[in-house]
Amino acid sequence: MLNVGAIEEGFVLDHIKAGKAMTIYHDLKLDKLDCCVAIIKNARSAKLGKKDIIKVECPVDTMDLDILGFIDHNITVNVISGGHIVEKKELKLPKKITNVIKCKNPRCITSIEQELDQVFVLTDPVKEVYRCMYCEEKYRGSRNK
Amino acid sequence: MRHLMSPLDLTVEELDQLLDLANDIERNPEKYAHTCDGKRLATLFYEPSTRTRLSFEAAMMNLGGKVLGFSSAASSSAAKGESVSDTIRMVSCYADICAMRHPKEGAPLVASMVSRIPVINAGDGGHQHPTQTLTDLLTIRSLKGRLNNLTIGLCGDLKFGRTVHSLIEALVRYTGIRFILISPEELRVPDYIREDVLRAKNVPFEEVIRLEDALPKLDLLYMTRVQKERFFNEDDYVRMKDFYILDKAKMELAGPDMLVLHPLPRVNEISVEVDNDPRAAYFKQVQYGVYVRMALILTLLEVTV
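Residue numbers (the numbering used here), protein chains in the order written: chain U, 1 to 145; chain F, 1001 to 1305.
Hints listed in this document are in silico derivations from the structure and should not be mistaken for laboratory results.
None of the values given here were measured: they were computed from a predicted structure.
Be a bit skeptical, because a hint or two may be false.
[To be verified] Calculated lysine to any residue pairs in the SDA-like style (CA-CA distance at most 20 Å, straight line):
hint, chain 1, residue 1, chain 2, residue 2
1, U, Lys95, U, Arg131
2, U, Lys127, F, Ser1076
3, F, Lys1080, U, Tyr25
4, U, Lys138, F, Asp1196
5, F, Lys1250, F, Val1208
6, U, Lys88, U, Thr62
7, F, Lys1080, U, Met63
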């Protein structure tokens, strides 16, 4: 088995659906960080069969966990300090997300009003439905699932 | 300060108070004739709408207030590229309350986020038209004496008709409501109304194709227009168009107390021979529209009488 060194300070994103690590890497803008980032693809997982893992050597507070919760709230975030897991952050579906996805309804005011934030609100936590705050159109795009 | 974006912004209790006020205005118009002296209503209509704009203007004038505004985007600064946010900031300096109609969905909400005056959504695209729903509710409550224990037929274009969707969402909050949804297959209510509103709240409903089948069971018939362009082919349109035209013969199938409502404009879906039937309530509905808008203006301006 391939070994990737443990990190001393930072965080590990575990239980990423296999094959989705690169998408998350870009969505979280990890490419903009100048710290060490390791991507492990297709690791063996008792829970998922196969999974992806991302290890990042920088403080977790630089991350927008709401975005990660929106992308896939089943991902676990392990906060590492002194080489040990000191906290496991549970992700939740954010109640509101701003400027992450865009409303595709051509009749929505966001299609013409300048500098308007793109805001989506969680309207059905069971069915995981997000709707545009302005026109209430349901978000039908992929959430990386 | 409150705005009105959707009929569901009001709780059932608030709605009752508003409808009570509208009925008091109906009974005692002179009592309210000067309640808005010195106040101004801005009607910001980015697309033409004769009925709604005139109804708002009549409502404010009946209260002693004045009106200003525009009736198309071409005659507003939107034609120069001004944003909704900037327009409402400017209008906040000229008026005490505003009614906004806009072709883009959510525009009145954007206005309300920066406005210093109450904003009333007077229709935003295919999204919401809350004062039409308030008008419908006032008409039903005034003429039937209740908003519960009613069998309501909704007929015509139930897929794209926003007034129908809003009315269903408003009425499911009352007990004993039953719907008969009368439309061609192509124009049935959207899934979210059937699943998330009707089934989720255990509201009994049936979907039928022929108006005749429903008429004997109804306390109320809400008609809408079936537009030719909504059909997939000409044959279906020709075959079905008469199903959704209410005439004297069909009215004979209905009970003696069944009311006929229509958001108007009517084209040919209600034959003019029905207009003199005492059960035809669609022109009374227009009058109730003025009363409910008067009540809404007073409520949002926090004017007490």
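What hints, given by number in increasing order, does this structure fail?
2, 3 and 7
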